[in-house]
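Chemist: Take a look at the letters that make up each chain.
Number of protein chains: 2
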Amino acid sequence: MRSGIRRRAELSRFDEECDVIVVGLGAAGASAAIEARAHGAEVVVLERAAAGGGTSAMSGGVVYLGGGTALQRACGFDDDPEEMFRYLMASCGEAPDEAKVRDYCEGSPAHYEWLVEQGVPFNPVFHHGCSGEPPNEDGLVWSGSENVWPFDGIAKPAPRGHVPARPHQAGPLLMEKLVSATEACGAGIRTGHRVLELVLEDDGRVVGCVARAFGEERALAARGGVVLTTGGFINDDAMLEAHAPWLRRCSFRVGAEGDDGSGIRLGMAAGADTLHMEAGSVSLPVTQPWGLKRGILINAQGQRFINEDAYYGRLGEHALLRQEGRAWLVLDDGCFERVTYPRDVAAVGESPAELEQELGLPPGSLVATLALYNEHARKQQDPAFHKGPDYLTPLETPPFGAYDCTTEGSLYAAFTLGGLRTDPFGRVLDPAGAPIPGLFGAGRATSGLAVPGYSSGLSLGDGTFFGRRAGKVAAAEASS
Amino acid sequence: MRSGIRRRAELSRFDEECDVIVVGLGAAGASAAIEARAHGAEVVVLERAAAGGGTSAMSGGVVYLGGGTALQRACGFDDDPEEMFRYLMASCGEAPDEAKVRDYCEGSPAHYEWLVEQGVPFNPVFHHGCSGEPPNEDGLVWSGSENVWPFDGIAKPAPRGHVPARPHQAGPLLMEKLVSATEACGAGIRTGHRVLELVLEDDGRVVGCVARAFGEERALAARGGVVLTTGGFINDDAMLEAHAPWLRRCSFRVGAEGDDGSGIRLGMAAGADTLHMEAGSVSLPVTQPWGLKRGILINAQGQRFINEDAYYGRLGEHALLRQEGRAWLVLDDGCFERVTYPRDVAAVGESPAELEQELGLPPGSLVATLALYNEHARKQQDPAFHKGPDYLTPLETPPFGAYDCTTEGSLYAAFTLGGLRTDPFGRVLDPAGAPIPGLFGAGRATSGLAVPGYSSGLSLGDGTFFGRRAGKVAAAEASS
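For the record, the sequence lines run as chains Y and C. Those letters in the first sequence? Residues 1 to 480, per the working numbering, in order. Those letters in the second sequence? Residues 1001 to 1480, per the working numbering, in order.
Hints in this document: simulated from the structure, not taken from any laboratory. Nothing here was measured: the structure is a model prediction, and the numbers come from that model.
For lysine to any residue, the following SDA-like pairs were computed, each having C-alpha atoms within a straight-line distance of at most 25 Å:
#1 C/K1156 x C/G1129
#2 C/K1379 x Y/A368
#3 Y/K379 x C/E1358
#4 C/K1379 x Y/E358
#5 C/K1379 x Y/A300
Construct the complete structure from the given sequences, taking the supplied hints into account.
Modeler: Below, the structure is given as structure tokens:
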């Protein structure tokens, strides 16, 4: 039989039986397990590491939620599921999964309550001036491009980054709480269990899995189904080269050791389709502190290519995929400051022409770009890219300098967004769009909301949201 | 059992048996069938249409070949497999399949001879001044960006578009000859046969297929294997939206009715991996006649974004994927001429400023772009994009005009490049990289050489080349 699959008929017996098996104990897996338990299922969670947490526990902990959560209201922000829907449909790539986006937006306020019920603490304080994780315990941040062009003209902006209350440890805190809740709800957690194969009936139904634990193979049966929440594949060089080779240029790979695509391969072996395997979240955190948004990002032709006040996930995606990772942030003395995530100053010059020459740009290119930019900036305008007025200052005070934003010289943080194709119920689909009986998935083992077009918190967001869905539907499957 | 798969145990008998089944009679299928026959196999070809030909018969007929073919030599061009390898490795996306590219380049001169042996006529005359299919019977053209930046600095350029000798009918001619050769070699051709399922043994080996023909289901056994050569999926709206949504913006879909991804779905049902499902060939044929390369292509910010003398496949890819299909070709009176593929004049103006305004570009943007371009063009230089000197003329003679190159107002021709993952032997691979026993593939049902980074003729090229490989290996399988 093919790699990753065991025929039921080949197994003499199962070593253990339950209703729902969850593979992987990150945020998506914990959510699936908790929800399956809440719907009466007997649940076993298999985690290959020595403890739960996964990539979620290494993350910034931001959860993208909105539509008028209690936290947003407590911080004085109006939001609406419809406005959130408009933003995500406009920002999440060329053809977002409308049904998933719709469900996610409408269910978002209640999903926030659910996270709070699991013990995840959020402080009702909005933090201005940083993208993503704040340096303190504040609970709400901008984590996307909602309030900048072109999205501010498409949907009413609201900050939607919900951050658990522990400075620089929001991800670990989130996972402490979700793993505790998984334990408390009575799911059986088996660490050190690596799933090698899915067990299939001859009719294609997934009825369990074979795991290796402490040197032995164990076969586990699941009456309702198996939920794959094993993460993406940023740490598998072969898959990255085959499917998402551009991400190899990124210097920082965001992922636990387990992000090697194993669950994606298991799902495919069982007949699953995949979506957007080329896509990645690519962050270029060069405009922190925000004052640096007053600079201009230029490409190898000395041209601007984006509004610099866009979210750093959008900056990174455009710089990597449209400019081949060749970019610099040009500043004058008036707006120069130290960048939060250290990177090299690529060049300095007493004039734009000197800086242009130092950077090896085409003669006259940066000079022309700056002249046009300054002409409009003096009038608080940016007709080409529509940067907001807060950051429109002519750059004319020598010396001039440029931060290196090339993939060779700068921090690009990446993880994969492609994976198993699922429906809004967390069911894994085959290439014809039909659910594979008994197989579920959530989190970055699946293709989620953003493919590409990332706003931070969407992975913890769709992972927990659709993880719950998968757990619930698998539990119902077991009891039917 | 899952959609697309029939278990061998469920079949009482096969209606017909042979060594190798080929699914689809386009260029790849014909090549697979001919080569399998040449290696002694009993071959059945199943074609769902009423006659063979497929998309290959609708194409321009250009075959990308090189490394020093007899045709290249007869036309006075030196070429070398190593130079061809360098060009393809540099142009075919971020991570070309090196083993396939290597084989293709080294085998290219002999593959040309094979096509000639099948009766495909090529006239040993080089045609200057057009990209792709010439208007006459000339046999050799430029069909890529070999002789322009950046590739002219990476590999020694040579024209590699080999065109069968029938004006505007080179594709039909190619397929007349290949289908005739398929008939002549003794392969059994069954038209009107639509393959619904692959037949799998319990160990996963593909041993045949089930086809529907004239209202009845027929089961066919293949001792050596099944070769999927069913084409891409440009004509399947659901697959296009799911996998390659940007291609939906292209006004012209290059493909026969059968390009609905059916073979890709069959292969996946049998456990196949796919590669680069997002990728497409996107042609923007706006610089024909070549004199129009003297214009400048600009984006919605009034900036240039590419050397205009690049091949139109490269222009289209950059315009669609990096500029979101927002582009215009700006000309002055000195270089204006009628474009071969009609498109609208978007605007005219007595000055660059007037044209800029008419196009609704950001104030000052096109004026600045033209000023910088002209300054360098007067010195026969293009430091930003390195357009060749033949097309570097300052644009300064009023009136000025712009051809519409937006996806809304212009011809973009597209087909899909992603598909089943195969090795250089035409074997279809699973997600772990292991061959699926008995399953082979070639042509646009598979991911080929260009993913993306298209030069015309690569699909007919890799389809026929690796189609032959698949036929040969499947035949060997049958006799072992």
